[in-house]
Amino acid sequence: MGDRGGAGGPRIGVFVCHCGSNIGGTVDCPAVAEYATTLENVVVARANIYTCSTVGQEEIKKQIREHGLDRIVVASCTPRLHEATFKRVGEEAGLNPYMVHMVNLREQCSWVHQGDKERATEKAKELVRMGVARARMLEPLTAQELGVERRVLVIGGGIAGIQASLDLAAQGLEVVLVERLPSIGGRMAQLDKTFPTGDCAICVLAPKMVEVLHTPGIRLMTYSEVREVAGHAGSFDVRIERKPRYVDESKCVGCGICAENCPGGAPSEFDMGIGRRKAIYVPFPQAAPLKYTIDPASCIHFKTGKCGLCRKNCPTGAIDFEMKPQEVRVRVGAIIVATGFDPYTPHVHGYWGYREFANVITALELERMINASGPTRGEVRRPSDGAAPKRVAFIQCVGSRNWKATSNKYCSRVCCMYTMKLAQLLKEHYQDISTSVYYIDIRAFGKGFEEFYHRVRSMAGVEYIRGRPARLTEDPRTKNITIRAEETLLNKITEREFDLVVLSIGMVPSEGTEALGRMLGIPRSPDGFFQEVHPKLRPVDTSRDGVFICGCAQGPKDIPDTVAQAKAAASSAAAMLARGKVILEPTTAEVDEALCEGCGLCASLCPYGAPSLVETGSGKKARIQKALCHGCGTCAAACPRLAITVRGFSDEQLESEMAAALPGEGEKVENGRGVGG
Amino acid sequence: MEDSVLTGQEHDPDFVSQIIRYGGHDVQTCLQCGNCTGVCPVSLKTPYKTRNLIKLCQYGYKKIFFSIPWICAGCHRCYEHCPADIDPAEVFVAIRHIQVRERGVPRWIRDNVGLILRNGFGAVPSDDIRRYRERQGLEPLPNTLPGYRTALEELATIFRRTGFDRILGLEEKK
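Just so you know, the protein sequences line up as chains W and Z, in that order.
If you use numbering that gives the first Met the number 0, the first sequence corresponds to residues 0 to 676, in order.
If you use numbering that gives the first Met the number 0, the second sequence corresponds to residues 0 to 173, in order.
The set of hints was computed from the structure by calculation and includes no laboratory data.
Note that the Cβ used here is the ideal one computed from N, Cα and C, for glycine as well.
Possibly wrong hints are sitting among the right ones.
Unchecked claim - Below, simulated SDA-like cross-link-like pairs (lysine to any residue); rule was C-alpha separation at most 25 Å, straight line:
1) W:K491 <-> Z:P68
2) W:K403 <-> Z:E89
3) W:K408 <-> Z:Y78
4) W:K491 <-> Z:V41
5) W:K403 <-> Z:K54
6) Z:K54 <-> W:Y438
7) W:K408 <-> Z:D25
8) W:K192 <-> W:D440
Unchecked claim - Here are the simulated distance ranges between beta carbons:
9) Z:Q8 <-> W:L536: 56 to 64 Å
10) Z:Q8 <-> W:V203: 54 to 62 Å
11) W:V347 <-> Z:P141: 43 to 51 Å
12) W:L536 <-> Z:I108: 53 to 61 Å
13) Z:P40 <-> W:P324: 56 to 64 Å
14) W:K446 <-> Z:E9: 40 to 48 Å
Kindly produce the complete structure, drawing on both the sequences and the hints.
The following block contains the structure:
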């Protein structure tokens, strides 16, 4: 291998990776390396078994130093995996990291051409030839560093948001916790007990809620919504609207005298509409903060201008009917989305007589009834006549595992388990009750879950029927429900009468998920929940740097998984902020203002909102906010005046690569005449 | 259903893809939830359970079907309720196609169509009804299709032109 660098020209090293047999099994790597040495400006080429191994990395460094290379081409796997590795290797050997180019011989060659070694090797040579052509045109780039705000916005005050906030605060970071409802607590606060341990939900949750109130680093904004998010990782500008409670939080002491005297009211949202609340209310006794809120829709004063009993009776003078929405602006370095889920509403698609037959209820309604502080003080009652049910049926997979276009395909992951818990609770409350569970499959995969299933199945009066009910009919006189279903394990159709039927409803993305996704610029998966970057390795990251997701906002999950994800999201956000800076990739778009005519096409096409039009002395010009630019190239491709260049992906660089791909031009390269320049 | 022990001999690995080829849904995604059985008017009155038949498809138990698929009334209620979005009724239509291709048309169907060609009806009034009609002074057969010989001829033409009579094996008889 002679020194073909030539005086003053680029000095390129090519490293062809076998990747064990991943590439080497299909592509003749030594032949590709040998071929590379014939290309102009290639000073040295090597084939390695594992280029990413320590040995492989040292080999690259050695060649860079020995041959005075000023750029390298690594022909191996996808840059998604190892670009960072090889950039670092180059940097450690004294190269600018952007003088490293990767050619994908694995995903784009060996894996897709298994069984055709000869042609795969030819293609590998061509890919390397293109890579070398590109490498000739590389230019050193410098990453930019930006400072960060050591403050995190947490959206959603359920168990996920609470846990994330507490973990962040424990690390000394400031937290702004925004909750849409008057109290934090979320869905977990509505539950009676939790599976599989039987812990009282509010007993384990309330201390954390109290801790949020008393942690100085956490600024809690309840009854508030995020309206606008601008900026970028490390520095987001957030606009939050504080909805008017019509009660001055600083004065309200939570004594409840207002509610005692309030003549207005509405069905309680917290109790799933079973009980009622007053027009001035706290959603539940352990609410945090314990501050009253007036719901104008059910308040007599707001409807008629009269009443005002609460104002008359409030001992601290906290009532303020004139309160207006307030706008709060905060700057944060990272955002954690913990917006949770909504229960599936079975009546939308006419599921099994819900809202049609009085004695068909949802599991969350039963959960509220069986809760000691619920609307029935812990007594389970039939909605039709208030009688205690003796025969209860549960129907599983309601709104889950359904491939009809109008329903949800996914498994909601908690319904099997909460049904076991409710069956056990019913049995504890009422000795003479019998429970029948209609199921398709039982999923009890978590720690201690199968053991719990075993225990529940062993209880007298609990039976499992393997079949999805076909038809529910109501006895017009008794209001009992008859379920027709095949007991599939018996190959028989059964018709059984029950006093109460409970639909084990699944989860759907919480209301506003879509809008919030748009506001934050984070994608959702086909199920409607927020999409993580990688299901295994980056479970709480989103495609927008600095924005993390956790809990049921990402998909249905139980409390243990939610808490684990909240901790992961807090840790990821804290890790980012702990560095004290964010690194901006220099491979961003640039506008040549002399060419730009200010048409605004770039601004309308950019998925990240990076370009904007600014007024300059010579008319409107596009400017790119580098921190927002992902270097995708959409603007550069669309610009009719060719005024936009993406650094690291310039027209010259891409064209030289393409030229090397063309057979005629390729021969010229082989003959050593080159196409570059 | 037939043997108490299945040995795999009865398993036809091609059955599922054959069903799809003849216009049926992919039965492999069936959850075996039994919802179809519960809404099926035939399952209510016979030992045949829709879910069980789909399971037999999944298993590739082809030969068992050569007497069964004709019991489906084709009401498609199973499809309306199926959470896996499978249409068992379509599956049974596909199996009928397969059966006709491989084993010919069952004798009782051929006989039935023969009746239609002769009388315009698949079912012929019983002797009781015939006597009753006679007492009332009516024709031995209701005066619908049989009253219009040209209509019967047209029907025969349609059968001939579409090749239906050949499929049924009726043409040799004439």
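Consistency of the hints with the structure:
{"no.": "1", "hint": "W:K491 <-> Z:P68", "result": "holds (19 Å)"}
{"no.": "2", "hint": "W:K403 <-> Z:E89", "result": "holds (16 Å)"}
{"no.": "3", "hint": "W:K408 <-> Z:Y78", "result": "holds (16 Å)"}
{"no.": "4", "hint": "W:K491 <-> Z:V41", "result": "holds (13 Å)"}
{"no.": "5", "hint": "W:K403 <-> Z:K54", "result": "holds (20 Å)"}
{"no.": "6", "hint": "Z:K54 <-> W:Y438", "result": "holds (18 Å)"}
{"no.": "7", "hint": "W:K408 <-> Z:D25", "result": "holds (17 Å)"}
{"no.": "8", "hint": "W:K192 <-> W:D440", "result": "holds (23 Å)"}
{"no.": "9", "hint": "Z:Q8 <-> W:L536: 56 to 64 Å", "result": "violated (46 Å)"}
{"no.": "10", "hint": "Z:Q8 <-> W:V203: 54 to 62 Å", "result": "holds (57 Å)"}
{"no.": "11", "hint": "W:V347 <-> Z:P141: 43 to 51 Å", "result": "holds (49 Å)"}
{"no.": "12", "hint": "W:L536 <-> Z:I108: 53 to 61 Å", "result": "holds (60 Å)"}
{"no.": "13", "hint": "Z:P40 <-> W:P324: 56 to 64 Å", "result": "holds (59 Å)"}
{"no.": "14", "hint": "W:K446 <-> Z:E9: 40 to 48 Å", "result": "holds (42 Å)"}
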